[in-house]
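Asker: The chain contents come next:
6 protein chains.
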Amino acid sequence: MFAVEVRDHIMIAHSLPRPVFGPAQGMHGATFVVDAAFFTRDLDEDGLGVDIGAATTVLADVLKPLNYQNLDDLAVFKDTVTTTEVIAKYIFDQLADAVAAKRLGPGSHRITRLKITLHESHAARAWYEADL
Amino acid sequence: MFAVEVRDHIMIAHSLPRPVFGPAQGMHGATFVVDAAFFTRDLDEDGLGVDIGAATTVLADVLKPLNYQNLDDLAVFKDTVTTTEVIAKYIFDQLADAVAAKRLGPGSHRITRLKITLHESHAARAWYEADL
Amino acid sequence: MFAVEVRDHIMIAHSLPRPVFGPAQGMHGATFVVDAAFFTRDLDEDGLGVDIGAATTVLADVLKPLNYQNLDDLAVFKDTVTTTEVIAKYIFDQLADAVAAKRLGPGSHRITRLKITLHESHAARAWYEADL
Amino acid sequence: MFAVEVRDHIMIAHSLPRPVFGPAQGMHGATFVVDAAFFTRDLDEDGLGVDIGAATTVLADVLKPLNYQNLDDLAVFKDTVTTTEVIAKYIFDQLADAVAAKRLGPGSHRITRLKITLHESHAARAWYEADL
Amino acid sequence: MFAVEVRDHIMIAHSLPRPVFGPAQGMHGATFVVDAAFFTRDLDEDGLGVDIGAATTVLADVLKPLNYQNLDDLAVFKDTVTTTEVIAKYIFDQLADAVAAKRLGPGSHRITRLKITLHESHAARAWYEADL
Amino acid sequence: MFAVEVRDHIMIAHSLPRPVFGPAQGMHGATFVVDAAFFTRDLDEDGLGVDIGAATTVLADVLKPLNYQNLDDLAVFKDTVTTTEVIAKYIFDQLADAVAAKRLGPGSHRITRLKITLHESHAARAWYEADL
Numbered sequence: 000m001f002a003v004e005v006r007d008h009i010m011i012a013h014s015l016p017r018p019v020f021g022p023a024q025g026m027h028g029a030t031f032v033v034d035a036a037f038f039t040r041d042l043d044e045d046g047l048g049v050d051i052g053a054a055t056t057v058l059a060d061v062l063k064p065l066n067y068q069n070l071d072d073l074a075v076f077k078d079t080v081t082t083t084e085v086i087a088k089y090i091f092d093q094l095a096d097a098v099a100a101k102r103l104g105p106g107s108h109r110i111t112r113l114k115i116t117l118h119e120s121h122a123a124r125a126w127y128e129a130d131l
Numbered sequence: 000m001f002a003v004e005v006r007d008h009i010m011i012a013h014s015l016p017r018p019v020f021g022p023a024q025g026m027h028g029a030t031f032v033v034d035a036a037f038f039t040r041d042l043d044e045d046g047l048g049v050d051i052g053a054a055t056t057v058l059a060d061v062l063k064p065l066n067y068q069n070l071d072d073l074a075v076f077k078d079t080v081t082t083t084e085v086i087a088k089y090i091f092d093q094l095a096d097a098v099a100a101k102r103l104g105p106g107s108h109r110i111t112r113l114k115i116t117l118h119e120s121h122a123a124r125a126w127y128e129a130d131l
Numbered sequence: 000m001f002a003v004e005v006r007d008h009i010m011i012a013h014s015l016p017r018p019v020f021g022p023a024q025g026m027h028g029a030t031f032v033v034d035a036a037f038f039t040r041d042l043d044e045d046g047l048g049v050d051i052g053a054a055t056t057v058l059a060d061v062l063k064p065l066n067y068q069n070l071d072d073l074a075v076f077k078d079t080v081t082t083t084e085v086i087a088k089y090i091f092d093q094l095a096d097a098v099a100a101k102r103l104g105p106g107s108h109r110i111t112r113l114k115i116t117l118h119e120s121h122a123a124r125a126w127y128e129a130d131l
Numbered sequence: 000m001f002a003v004e005v006r007d008h009i010m011i012a013h014s015l016p017r018p019v020f021g022p023a024q025g026m027h028g029a030t031f032v033v034d035a036a037f038f039t040r041d042l043d044e045d046g047l048g049v050d051i052g053a054a055t056t057v058l059a060d061v062l063k064p065l066n067y068q069n070l071d072d073l074a075v076f077k078d079t080v081t082t083t084e085v086i087a088k089y090i091f092d093q094l095a096d097a098v099a100a101k102r103l104g105p106g107s108h109r110i111t112r113l114k115i116t117l118h119e120s121h122a123a124r125a126w127y128e129a130d131l
Numbered sequence: 000m001f002a003v004e005v006r007d008h009i010m011i012a013h014s015l016p017r018p019v020f021g022p023a024q025g026m027h028g029a030t031f032v033v034d035a036a037f038f039t040r041d042l043d044e045d046g047l048g049v050d051i052g053a054a055t056t057v058l059a060d061v062l063k064p065l066n067y068q069n070l071d072d073l074a075v076f077k078d079t080v081t082t083t084e085v086i087a088k089y090i091f092d093q094l095a096d097a098v099a100a101k102r103l104g105p106g107s108h109r110i111t112r113l114k115i116t117l118h119e120s121h122a123a124r125a126w127y128e129a130d131l
Numbered sequence: 000m001f002a003v004e005v006r007d008h009i010m011i012a013h014s015l016p017r018p019v020f021g022p023a024q025g026m027h028g029a030t031f032v033v034d035a036a037f038f039t040r041d042l043d044e045d046g047l048g049v050d051i052g053a054a055t056t057v058l059a060d061v062l063k064p065l066n067y068q069n070l071d072d073l074a075v076f077k078d079t080v081t082t083t084e085v086i087a088k089y090i091f092d093q094l095a096d097a098v099a100a101k102r103l104g105p106g107s108h109r110i111t112r113l114k115i116t117l118h119e120s121h122a123a124r125a126w127y128e129a130d131l
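Chains as they are written, first to last, in numbering that gives the first Met the number 0: chain F, 0 to 131; chain V, 0 to 131; chain L, 0 to 131; chain Z, 0 to 131; chain A, 0 to 131; chain Y, 0 to 131.
What the hints contain is simulated information worked out from the structure, not anything from laboratory work.
Please note: incorrect hints may appear among the correct ones.
Stated by the list, open to error - Mimicking DSBU-like on lysine-lysine, the simulated pairs with C-alpha atoms at most 35 Å apart in a straight line are:
| hint | chain 1 | residue 1 | chain 2 | residue 2 |
| --- | --- | --- | --- | --- |
| 1 | V | Lys114 | F | Lys63 |
| 2 | F | Lys101 | Z | Lys77 |
| 3 | Z | Lys114 | Z | Lys63 |
| 4 | A | Lys77 | A | Lys114 |
| 5 | A | Lys63 | A | Lys77 |
| 6 | V | Lys63 | V | Lys101 |
| 7 | F | Lys77 | V | Lys63 |
| 8 | V | Lys114 | L | Lys63 |
| 9 | A | Lys63 | Z | Lys114 |
| 10 | L | Lys88 | Y | Lys114 |
| 11 | Z | Lys114 | Z | Lys77 |
| 12 | L | Lys77 | L | Lys63 |
| 13 | Z | Lys63 | Y | Lys101 |
Stated by the list, open to error - What follows is a list of derived Cβ distance ranges for each label pair:
| hint | chain 1 | residue 1 | chain 2 | residue 2 | range |
| --- | --- | --- | --- | --- | --- |
| 14 | F | Asp96 | L | Asp78 | 39 to 47 Å |
| 15 | L | Arg17 | A | Ala99 | 23 to 31 Å |
| 16 | Z | Met0 | V | Asp45 | 29 to 37 Å |
| 17 | F | Asn66 | L | Gly52 | 35 to 43 Å |
| 18 | F | Asn66 | V | Thr111 | 27 to 35 Å |
| 19 | V | Asp92 | L | Pro22 | 42 to 50 Å |
| 20 | Y | Arg102 | V | Thr111 | 52 to 60 Å |
| 21 | V | Thr111 | L | Ala100 | 45 to 53 Å |
| 22 | F | Lys77 | A | Ala99 | 45 to 53 Å |
For glycine and all other residues, C-beta sits at the position ideal for the given N, C-alpha and C.
Turn these sequences into a full structure, and let the hints guide you.
Answerer: As C-alpha cells, this is what we get:
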C-alpha cells in the first residue's frame with residue numbers, strides 16, 4: 000500500500016462542557032497540526048499515488064472554515080463535543096467527500112483509505128483511519 | 000479506527016550481555032521517549048476514544064517503576080535481554096493489564112488495540128502493536 | 000554560557016481584536032508549546048546550571064493559571080492584546096519573579112538570563128530573551 | 000507485531016517531466032529523510048526483531064548508490080518518473096532483496112513486512128508498506 | 000529581545016564543483032527547510048514584533064524564485080558555490096532588502112536583526128545571523 | 000555570524016550520587032542527541048564555514064569514547080558528577096581541542112565559537128556555548 004501525507008494546521012477555540020473534561024470544560028483552544036494521509040494500492044502512469052500539490056490544496060480548503068474559529072459557534076458542530084477525535088473524524092469525512100467529488104484529480108478513484116492525525120501538543124495526538 | 004496517543008519518557012541503564020550487541024554488551028543506557036496509542040472502533044457519548052488525561056496518568060504509572068532504574072537489577076527483567084523491542088512489549092503488557100482493570104475509565108472496555116513506540120534516538124525506534 | 004531548557008504546553012482561547020489580525024480578530028485559540036531556557040555563567044558544585052526537575056516544576060506552576068483558559072477573561076491580560084510575543088514576555092516576567100524568589104533552588108542567584116520560546120504551530124514560533 | 004525502524008537520508012537531483020508536476024518539471028532536487036521499518040511477528044532468543052545496527056548498515060548500503068546523484072542519469076530509473084512514491088517503492092524492493100539474501104543477519108527469515116517512509120519536507124512525506 | 004520565526008521550504012538542484020565536496024561535486028539536490036527569525040527590541044501597540052502573516056508572505060516571496068530550480072542555472076548564483084551557508088546568506092540579504100523596503104508592514108523599521116536557518120537533513124543545518 | 004550544526008547521539012549509563020538528584024542518584028542512563036554548532040565570521044573561497052562532512056566525522060570521533068559506556072567507570076569523569084551540562088562542556092572542550100589541532104580542515108582557524116546542545120528527552124535539553 001502506498002500513502003502520501005501532507006501537513007497543515009488550524010488554531011481554534013472551543014469548550015468541552017462535560018464533567019469528564021475537568022479543567023477543559025470552559026472556553027479554551029488548541030493548535031491542531033493536521034496530517035492527512037491518502038492511501039492507494041498502486042501508482043498512476045505519472046508515478047503518483049496522489050499529487051502532493053492537490054492533496055495540500057484540498058486539505059487547506061477543508062481546514063479553512065475551521066481555522067481561527069470558535070467551534071462552539073459553528074453549525075456543523077451543533078450539539079457536538081468537539082474532542083480531538085471528533086474533529087479528526089469530521090476532517091476525514093470532509094476529505095472523503097472531496098475524494099468522492101474527484102477533487103484530488105483524475106486519479107481520485109484510486110484512493111482507498113484515509114488517515115487523519117491531529118497533533119494537539121508535543122505530547123498528545125489522535126487519529127481516525129478507515130477505508131473509503 | 001480511532002486512536003489516541005500520549006507521550007512520556009524514561010531514562011534507564013542496562014547491559015545487553017550477548018555477543019550480537021557488540022559495544023552495547025556492557026553497562027550503558029538510554030532515554031526512551033514512549034508513545035502509547037489506544038485504539039477504539041468508536042467514540043463514547045462524550046466524543047472520546049480514550050480520555051487523554053487518563054491515558055497520560057496510566058502511562059506515567061506504568062513507566063514510574065522503570066524510570067531512573069538499572070534494568071539489570073529489576074526482578075521483572077531477570078534473565079531477560081532488555082532490548083528496545085522487549086521493553087516495548089513489557090509496557091504493552093502493563094498497559095493491557097491496566098485496560099483490563101478498567102484503569103482507563105468507564106470506556107476501558109472499548110479499547111481493542113494498543114501500539115507502544117519507543118524512540119531510542121533521533122535515528123532509531125521500535126514498536127509493538129497488537130489487538131487486546 | 001550554560002543553559003538548561005525544559006518544555007511544557009498550554010491550550011488557550013483568545014481574540015486579537017485589532018484590524019491587523021484579519022481572520023484572527025475573533026475568538027480562536029492555540030496550543031503553545033513552551034520552552035523555558037535558564038542561563039548561567041558556571042555550574043554549582045553538583046554540576047548543575049539549574050536543576051531540570053526544579054525548572055520543570057516552576058514552569059508548570061507558572062503555566063497552570065493560563066492553561067485551559069480564555070485569556071480574554073483573565074485580569075492579568077486586561078486591555079492587553081495577547082499575541083504570542085506578549086504571552087512569551089508574560090511568562091518571562093513570571094519566571095524572572097520565580098528566580099528572584101529563589102524558587103529555582105539555592106542556586107537561583109546564579110541565573111543571569113532567560114529565553115522563553117512559544118511554538119504556536121509546526122511553522123511559527125516566537126521568543127523573548129533577556130538578561131535578568 | 001514488532002517493528003524496528005531506522006533513519007538515514009539522501010540528497011538527490013531529478014526532473015519530473017510530465018505536465019502534472021507544474022513547476023517541478025525542470026531539474027530540481029530533494030533531501031529525502033528515509034525511515035525503514037522491519038516487521039516481525041516475534042523476537043529471537045536475544046530479544047531482537049531486527050538488530051538496529053544491521054538495519055542501519057543495510058539501509059545505508061541501499062541508499063549509497065542514490066545519494067548525491069542526479070536520478071535522471073541512473074540506469075535503474077531509466078524511463079521512470081522518480082516521484083517520492085516511486086523512490087519509496089524502489090528502496091522497499093532493494094531492502095526486500097537484502098532480507099531475502101539474509102543480509103539482516105541470521106534472523107532475516109523472520110522479517111515479514113517492510114514500511115519505507117520518505118520525508119521530503121517538514122510538510123509532506125510518502126511511504127510504501129507491504130508484506131514480503 | 001523579541002523574535003518571531005516562520006518556516007517554509009524549497010526543493011533545489013545544484014552541483015558543488017570543488018574538490019572539497021567529494022561525492023557532492025556532481026549534480027544533486029536538497030530540500031532546505033528554512034526558518035526566518037525577525038528580531039525587535041520591543042513590540043508595537045498591537046503587541047507585535049512582526050506580524051506572522053506578513054513574515055510568512057515575505058519569506059514565501061523570497062523563496063519562490065529559488066524553489067524547484069537548478070541553482071547552477073540562476074544568474075544570481077553565477078560563479079558562486081551554492082553551499083547551505085551561501086544560500087542562507089542570500090536569503091538573509093533578500094529579507095534584509097524586504098525589511099528596508101518596509102514589506103514587513105508599518106513596523107518594519109523596528110526590525111534590528113535577522114537569523115536564517117536552513118535545515119538540509121535531520122542531522123545537519125546551517126544559519127546566518129546578523130544585525131541589520 | 001555563520002554557523003554549521005551537525006547531529007549525532009550517544010547512549011550512556013551513569014549515576015548522580017548527590018542528594019539533589021533524588022531518584023536519579025542510582026545507576027540509570029540516557030540517550031543524548033548531540034548538536035554541535037561551529038561558528039565563523041565569514042566563509043572560505045569554497046563557500047564554507049565548516050565542511051559538514053568534516054564536522055560530522057570529528058563529532059563522531061569525540062563521541063565514540065563515550066558511546067555505550069558507563070560514565071562512572073571513565074577516568075576522564077573521575078570525581079565528576081556527569082550532569083547533562085557537564086557532559087556538554089566536556090564535549091565542547093574536546094571539540095575546541097579538535098579545532099586547535101586543525102582537525103576541522105584547513106579553515107579550522109576561522110572557527111571562533113562553539114555551541115554544544117544535548118537533548119536528553121523530548122522535554123529537556125542543555126547546552127554550553129562560548130567563544131574559542
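Asker: So which of the earlier hints does this model not fit?
Answerer: 7
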